[in-house]
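S.K.: What follows is each chain in one-letter form.
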Amino acid sequence: MNEARRTGRSLPDLGTAAKGGGLLLVIVIAVLFPQVFTNPAVTNYGVLTLIFVTCATAWNIFSGNTGYISLGQAVFYGSGAYAMGIAARDWHIEGTAVFWLLPFSGAVGAVVAVPFGLIALRVRRHTFIVITIAVFFIFQLMAFNFWFTGGSSGLNSPFLSWPATTYNTPFYYIALGYVAGSVVIAWLVRRSRFGLQLRAIRDDEDRARGLGVKAMRVKLAAFAISGTITAMIGAVWFYYINQVEPQTGFDPLFDLTLVLMVFLGGFGSISGAVLGALIIEPLTLWLNTQPAFSGSVSEIMLGAIFLLVVLFMPRGIIPTGGEFITKLRMRGRPAVTITGPASSTPSAPPVSSGGAR
Amino acid sequence: MAREITEAIVDGILIGGVYALMAVGLTLIFGVLDIINIAQGVLVILGAYLSYSLFTKAHIDPFVGLLITVPAMFVIGVVIHWAFISRLRGTERTSMTLLVTYAVGLIIEGVLFKIYGANNVQINPRYVNSSVHILDFYVGWVYIWGFILALVLVAAVYVLLYRTRFGRSVRAVIQDETAARLVGINVNKVAALTFGIGVAVTAAGGEVFGLTNAFNANSGYDLISRLLSIIILGGMGSVGGALGASVFMLTLESVVTIWQPNWAVVVYYAALVIVLLYRPTGLFGRKAVRAQ
Numbered sequence: 001m002n003e004a005r006r007t008g009r010s011l012p013d014l015g016t017a018a019k020g021g022g023l024l025l026v027i028v029i030a031v032l033f034p035q036v037f038t039n040p041a042v043t044n045y046g047v048l049t050l051i052f053v054t055c056a057t058a059w060n061i062f063s064g065n066t067g068y069i070s071l072g073q074a075v076f077y078g079s080g081a082y083a084m085g086i087a088a089r090d091w092h093i094e095g096t097a098v099f100w101l102l103p104f105s106g107a108v109g110a111v112v113a114v115p116f117g118l119i120a121l122r123v124r125r126h127t128f129i130v131i132t133i134a135v136f137f138i139f140q141l142m143a144f145n146f147w148f149t150g151g152s153s154g155l156n157s158p159f160l161s162w163p164a165t166t167y168n169t170p171f172y173y174i175a176l177g178y179v180a181g182s183v184v185i186a187w188l189v190r191r192s193r194f195g196l197q198l199r200a201i202r203d204d205e206d207r208a209r210g211l212g213v214k215a216m217r218v219k220l221a222a223f224a225i226s227g228t229i230t231a232m233i234g235a236v237w238f239y240y241i242n243q244v245e246p247q248t249g250f251d252p253l254f255d256l257t258l259v260l261m262v263f264l265g266g267f268g269s270i271s272g273a274v275l276g277a278l279i280i281e282p283l284t285l286w287l288n289t290q291p292a293f294s295g296s297v298s299e300i301m302l303g304a305i306f307l308l309v310v311l312f313m314p315r316g317i318i319p320t321g322g323e324f325i326t327k328l329r330m331r332g333r334p335a336v337t338i339t340g341p342a343s344s345t346p347s348a349p350p351v352s353s354g355g356a357r
Numbered sequence: 358m359a360r361e362i363t364e365a366i367v368d369g370i371l372i373g374g375v376y377a378l379m380a381v382g383l384t385l386i387f388g389v390l391d392i393i394n395i396a397q398g399v400l401v402i403l404g405a406y407l408s409y410s411l412f413t414k415a416h417i418d419p420f421v422g423l424l425i426t427v428p429a430m431f432v433i434g435v436v437i438h439w440a441f442i443s444r445l446r447g448t449e450r451t452s453m454t455l456l457v458t459y460a461v462g463l464i465i466e467g468v469l470f471k472i473y474g475a476n477n478v479q480i481n482p483r484y485v486n487s488s489v490h491i492l493d494f495y496v497g498w499v500y501i502w503g504f505i506l507a508l509v510l511v512a513a514v515y516v517l518l519y520r521t522r523f524g525r526s527v528r529a530v531i532q533d534e535t536a537a538r539l540v541g542i543n544v545n546k547v548a549a550l551t552f553g554i555g556v557a558v559t560a561a562g563g564e565v566f567g568l569t570n571a572f573n574a575n576s577g578y579d580l581i582s583r584l585l586s587i588i589i590l591g592g593m594g595s596v597g598g599a600l601g602a603s604v605f606m607l608t609l610e611s612v613v614t615i616w617q618p619n620w621a622v623v624v625y626y627a628a629l630v631i632v633l634l635y636r637p638t639g640l641f642g643r644k645a646v647r648a649q
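These protein sequence lines map, in sequence, to chains A and B. Just so you know, we're using the numbering used here here: the first sequence kicks off at 1 and counts up by one. Just so you know, we're using the numbering used here here: the second sequence kicks off at 358 and counts up by one.
Just so you know, nobody snuck in bad clues.
Computed footprint of chain B on chain A, listed as stretches where at least three residues anywhere in the stretch have a Cβ under 8 Å from a Cβ of chain B:
id: 1; stretch: 115-124
id: 2; stretch: 128-139
id: 3; stretch: 256-267
id: 4; stretch: 310-317
Honestly, the hints are just simulated from the structure, not real lab data. Every residue, glycine too, gets a C-beta built ideally from N, C-alpha and C.
With the hints as extra help, turn the sequences into a complete structure.
M.R.: Here it is in structure tokens:
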């Protein structure tokens, strides 16, 4: 095992540099994007896509690490949006000061996440999924029926007197900030002891518990982190599109789109979630603007892409692509070199099976 | 007030029977294949639209039309299983099947939208509004016929499961797939047939749903979330539990509607959450669910 790891480490040295360069390039492109494409229709794509990148990353922090598939993420998204809308209306906050409500929305997300998690995280697998759906519908119905939510017409955000031509740009950078923040948080979670505990739960919760992982506390923490980020970006989205309705704030398609994005990119992988959102969101936005694909046809196409991904690339682009690159690199080299000196020991078979992953 | 409550309870039981019909398919599919068929809600709507088309285009009575729609839906179920579900393997199979059935549902929904448009329709033969006077209130004949149909079909599924050789192999697969395979049961065939049956009964559920509700392609979302709540509450994989839970839930909703029509559905989901807090395996569930 050690042999494989040591030789494995010397290989991607070049890869680390390439990765760093790639990351830098992505950052530069992301920062310069609204400077190059000033057309509001294009920056609109940018803002919405970045919002979804944040959402997918946040979803992946909880669901990707723990393996609990949550279909109730829109609970946080909508709660964040409604929290900002209600607070701005009742406390008479206007203009750019509304942005100071973002932490408030995040806090609301966390406050929602704790009881939600305490209920839903008691059960596993299918039952967990269904509970998240049930909670989601409870929230949608509450948004419809409470006296302070504006009923079925929803809420309008305070007016922002920014010129239409550059209206999107500040939102773009705010959303980009959230992308950066959520990716960093996801990365920190991933390489921490906390992340390790989450992944232990994903592999075998009972065993993790037996080894001393306080499963409920750890799961709940991840759920709350995910919920806080989602609620804040939900509030950004609300201020950006200027209104929220029960069906748009608490949208069943939102949950499923997130799942699709993450599974397309690579379940549990940070770059996978980002990549998935970068592909799916512009695609759906574009499909919706095409008269030929209007309404139901875009839905059919989304479903078809979904099926193709699951059937032919069940592990997502990033893991499958990574495997492909590794295979390319290893081409021409006999697989034995990995086990080289250790090949005489009987531990060779597990090494090769480990290397295949 | 007492009269209203009795009426609500009777309504709830009658509608609950119809929901049981849809939920039985879902719970059966879960029990045998260990997957949640998210497309079940849309398939109910597909069944309703099939009955609707037969009625408006060919003037076939919806109840008679079941002779066509039930086998048709059976074939659709077997095809879905063969084309997509049987191809999934591996550790993430559970979440994958969830995604696949969702995608199938999305495609069916899109196709239905394309064909029928977004307007609500309802199957309305002449007798749809006729009712019978029982005690001191009126009950629609459609509800009574639907309830009888549901009872007959649920009973048929029950007999199929507990009195036939096929049913025995289905139950064997539910209990232990590996052991069933070892004693010579063709698990893949059992799974395909079960999926077919689970989808076929939705044709009947959809027909009654279409008679008693206005629907469009979107109605599947509301249905699937209710059906999922019902089968979880009833204990996943239990046919009797699905029947009990749907009658319980629909009666509860119907009674709450008397005072709070807007909040009735919240009560429905809240009941699910509360029950699961105390009984994680559902009201009628087996003691131990499968390990993760």
